[in-house]
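Undergrad: Here is what each chain is made of, one letter per residue.
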Amino acid sequence: MSSTYLGMPALPVFGQGNLNAVESFPLAAKRELGNSQLRANLGHATHTIRDKRLRVVGELPDWEDLRNAGSATKQAVMARLPELLEQFEQNFTARGGIIHWARDAAEANEIVRDLIGEQGADEVVKVKSMATQEIGLNEYLEEQGIAAFETDLAELIVQLDHDKPSHILVPAIHKNRTQIRDIFLREMPGVDPELTDSPAKLAEAARSHLRRKFLSAKVAISGANFAIADAGTLAVVESEGNGRMCLTLPETLITVMGVEKLLPSWRDLEVFMQLLPRSSTGERMNPYTSLWTGVTEGDGPRNVHLVLLDNGRSAALADEMGRSALHCIRCSACMNVCPVYERTGGHAYGSTYPGPIGAILSPLMTGITSEENNSLPYASSLCGACYDACPVKINIPEILVHLRAEDVDSKRGTKKLPSQMDLLMKGASWAFSSGKHLGLLEKGLPLGRIAAGRKKKITKLPGIAGGWTRSRDVPAPPSESFRGWWAKDHRDPAAGAELPDSPNTDSTNTGEQA
Amino acid sequence: MRIALFATCIVDAMYPRTARATVAILERLGHEVVFPAGQACCGQMHVNSGYLPEAVPVVRNHIEAFESQDYDVAVAPSGSCVASVKHQHPMVARSCGDAALEARAEAVGAKTYELSALLTDVLGITDAAAQLGSWFPHNVTYHPSCHGMRLLRLGDRQLNLLQSVGGITVQPLPQADQCCGFGGTFSLKNADVSTAMLEDKTANIKATGAELCSGGDASCLLHIGGGLSREGSSVTTLHLADILASTRENPVSVTGDILVGGKVAR
Numbered sequence: 001m002s003s004t005y006l007g008m009p010a011l012p013v014f015g016q017g018n019l020n021a022v023e024s025f026p027l028a029a030k031r032e033l034g035n036s037q038l039r040a041n042l043g044h045a046t047h048t049i050r051d052k053r054l055r056v057v058g059e060l061p062d063w064e065d066l067r068n069a070g071s072a073t074k075q076a077v078m079a080r081l082p083e084l085l086e087q088f089e090q091n092f093t094a095r096g097g098i099i100h101w102a103r104d105a106a107e108a109n110e111i112v113r114d115l116i117g118e119q120g121a122d123e124v125v126k127v128k129s130m131a132t133q134e135i136g137l138n139e140y141l142e143e144q145g146i147a148a149f150e151t152d153l154a155e156l157i158v159q160l161d162h163d164k165p166s167h168i169l170v171p172a173i174h175k176n177r178t179q180i181r182d183i184f185l186r187e188m189p190g191v192d193p194e195l196t197d198s199p200a201k202l203a204e205a206a207r208s209h210l211r212r213k214f215l216s217a218k219v220a221i222s223g224a225n226f227a228i229a230d231a232g233t234l235a236v237v238e239s240e241g242n243g244r245m246c247l248t249l250p251e252t253l254i255t256v257m258g259v260e261k262l263l264p265s266w267r268d269l270e271v272f273m274q275l276l277p278r279s280s281t282g283e284r285m286n287p288y289t290s291l292w293t294g295v296t297e298g299d300g301p302r303n304v305h306l307v308l309l310d311n312g313r314s315a316a317l318a319d320e321m322g323r324s325a326l327h328c329i330r331c332s333a334c335m336n337v338c339p340v341y342e343r344t345g346g347h348a349y350g351s352t353y354p355g356p357i358g359a360i361l362s363p364l365m366t367g368i369t370s371e372e373n374n375s376l377p378y379a380s381s382l383c384g385a386c387y388d389a390c391p392v393k394i395n396i397p398e399i400l401v402h403l404r405a406e407d408v409d410s411k412r413g414t415k416k417l418p419s420q421m422d423l424l425m426k427g428a429s430w431a432f433s434s435g436k437h438l439g440l441l442e443k444g445l446p447l448g449r450i451a452a453g454r455k456k457k458i459t460k461l462p463g464i465a466g467g468w469t470r471s472r473d474v475p476a477p478p479s480e481s482f483r484g485w486w487a488k489d490h491r492d493p494a495a496g497a498e499l500p501d502s503p504n505t506d507s508t509n510t511g512e513q514a
Numbered sequence: 001m002r003i004a005l006f007a008t009c010i011v012d013a014m015y016p017r018t019a020r021a022t023v024a025i026l027e028r029l030g031h032e033v034v035f036p037a038g039q040a041c042c043g044q045m046h047v048n049s050g051y052l053p054e055a056v057p058v059v060r061n062h063i064e065a066f067e068s069q070d071y072d073v074a075v076a077p078s079g080s081c082v083a084s085v086k087h088q089h090p091m092v093a094r095s096c097g098d099a100a101l102e103a104r105a106e107a108v109g110a111k112t113y114e115l116s117a118l119l120t121d122v123l124g125i126t127d128a129a130a131q132l133g134s135w136f137p138h139n140v141t142y143h144p145s146c147h148g149m150r151l152l153r154l155g156d157r158q159l160n161l162l163q164s165v166g167g168i169t170v171q172p173l174p175q176a177d178q179c180c181g182f183g184g185t186f187s188l189k190n191a192d193v194s195t196a197m198l199e200d201k202t203a204n205i206k207a208t209g210a211e212l213c214s215g216g217d218a219s220c221l222l223h224i225g226g227g228l229s230r231e232g233s234s235v236t237t238l239h240l241a242d243i244l245a246s247t248r249e250n251p252v253s254v255t256g257d258i259l260v261g262g263k264v265a266r
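Heads up: the sequence lines are chains Y and C, in that order. Read in UniProt numbering, the first sequence has 67 at position 67, and its numbers run on one by one without any break. Read in UniProt numbering, the second sequence has 39 at position 39, and its numbers run on one by one without any break.
There could be a bad hint or two in this list.
[Stated by the list, open to error] Capping the alpha-carbon separation at 30 Å, the derived lysine-lysine pairs in BS3-like fashion look like this:
id, chain 1, residue 1, chain 2, residue 2
1, Y, 52, C, 206
2, C, 111, Y, 460
3, C, 111, Y, 488
4, C, 206, Y, 455
5, Y, 436, C, 111
6, C, 206, Y, 30
Please keep in mind that the hints were generated in silico from the structure rather than gathered at the bench.
Just need the whole structure built from these sequences, with the hints factored in.
TA: So this is what it looks like as structure tokens:
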């Protein structure tokens, strides 16, 4: 059968770049847990921002309505994404902007490199952007002999330290100010050798370092928080004003944006401008909101480009159960409330997107069979705090469970021997599929009592169950299950259930009583 | 009222005392308790670990066991198992393309209550001391489990019942809404992170000065109690149902010993 190429890939394209972990989550987490300074920094920071968010969210009587509105808008966007993208392209182009479509990280990086090359530039200033982190743009440009300078203070710290961000909103959340001073002294050209670790002095050092870059750079690169389809307008929200400098001073502006960031109309922006700052920084309003629509005569950049990035988003969109992960507005509220993130930090997730949203987004974008990323959906106790905090109501726990099922299914029939988990689940499926089966197994409870011994606790279990007894005891089981007691002692309902036995009638006593 | 007891697998096998306490409370209120003998487990462990085909027979068994018994409402002393029955069972039925089973799951789920929700919303219990004769002269703290709190939206139902027990002192637990780190197979697959979460939970519990920590989920209490025991603490865990069932005439006495952080004798 012949087919005509209609511009959309027939099969979803999986994402590349900084979406793939190089080691499994449990391994990476174990290492990060060992860093007590990191744990202290993270615990302090997440609790502070969490409390602040709760306070400002509590001020709005219509917060739940806003969440519902945000969720509904995003759902509508995903349902007609191709149409909205074309509408946006038309409006953006009509106002002098130029659109580039990138299937994956490699294509996006090449487009950006060529655009910089056209300007004859060998350095660019950057506004904090998750999309460019995701595609590894800075590293790629460096290989091409182009220096990219991050202008967001925290991103600058991370970049100077040759480190990776640990948080999507507070990339240097894992560093304290003494560490930051040492990084500046070591890496910042022309820095005052007497620099102290006072926040004002550190900010001043960064400011004078950056000012030179803002004034000399001919090209700026940004991401975008929103794109408004019916107006052809892009939006960036930020706190420091560095973004506005980049968006207005250089002659050429290149924006890299994931295709999912669209909103249908200006009216929709109202909802998100309330949801985003309160959820992310716990502020009623963010300090700087920049909006631009193509090129304006006599004002701002002369060349305005937008790279529309797929890099696995169409794969996520194709997953009916998982696609709402694309609703994410990168506020980081989920990681600030996540008990797992709080203890491991962002590096354990191995991707640009850490925390609960990263645990679903990365495997959705790379495919669950991608090496190492299949451990991410298990990096959660399913406590549900992320779902409660999400301003656009992404049901993260449900998607985590969905991805776990995909992971298990993808391995079925591919292994020579079943894993311990496979055997445990198969055995438990048999045991729990009938009251008779379970009752039969419970006859073995006294054996457990013997195993527990005189101390009446089990302190070491074999195999994967050994994970439990590494830090927790198991009580000796009772001598008889409830089922057994009911069958024997509760035949006459009129007699009523006596409260369990007094301590001196040990024979029928339940296990945890001794 | 005719009330079907869903004992849950952990309570049935490890904490039969808690199921007996649940029966005692309901019978004290004059209700008839029935125990559908075919019941085994809600299948939550399978679903949450991604083993959906293996969950199907478990879910089917639960639905059949509860359908075969004549009762007004079903009750379980566990928020997470009730959440599984209500939210996961229809999903599991859908996953194997059985629309009829999904409808049956919805019907069973609609009649299933967590213990504090049944006591508060259906049976009108607002004062455990006056209406249940509950008497427990001990210093306790309370951990609200994630599934009860977030999936079932139990709010303060458990805590209110606990506070209305005669003679009790309830200490507020710092960071009570933080997960204890159990998460089923999460505690095996990510044992190190789970332990880090558990350590913070037990530290908060110990800081309250309470003799024991209560809650509405045996699984979380097994986890917290296992940690306290390993740390050599005298603090123990005790299910809310056991405390509500305790009376002046037949009190639950708490003495420090080694079993999961302490010994509870009656």
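Undergrad: I'd like to know which numbered hints this structure contradicts. Please list them from smallest to largest.
TA: Those not satisfied come down to hint 2.
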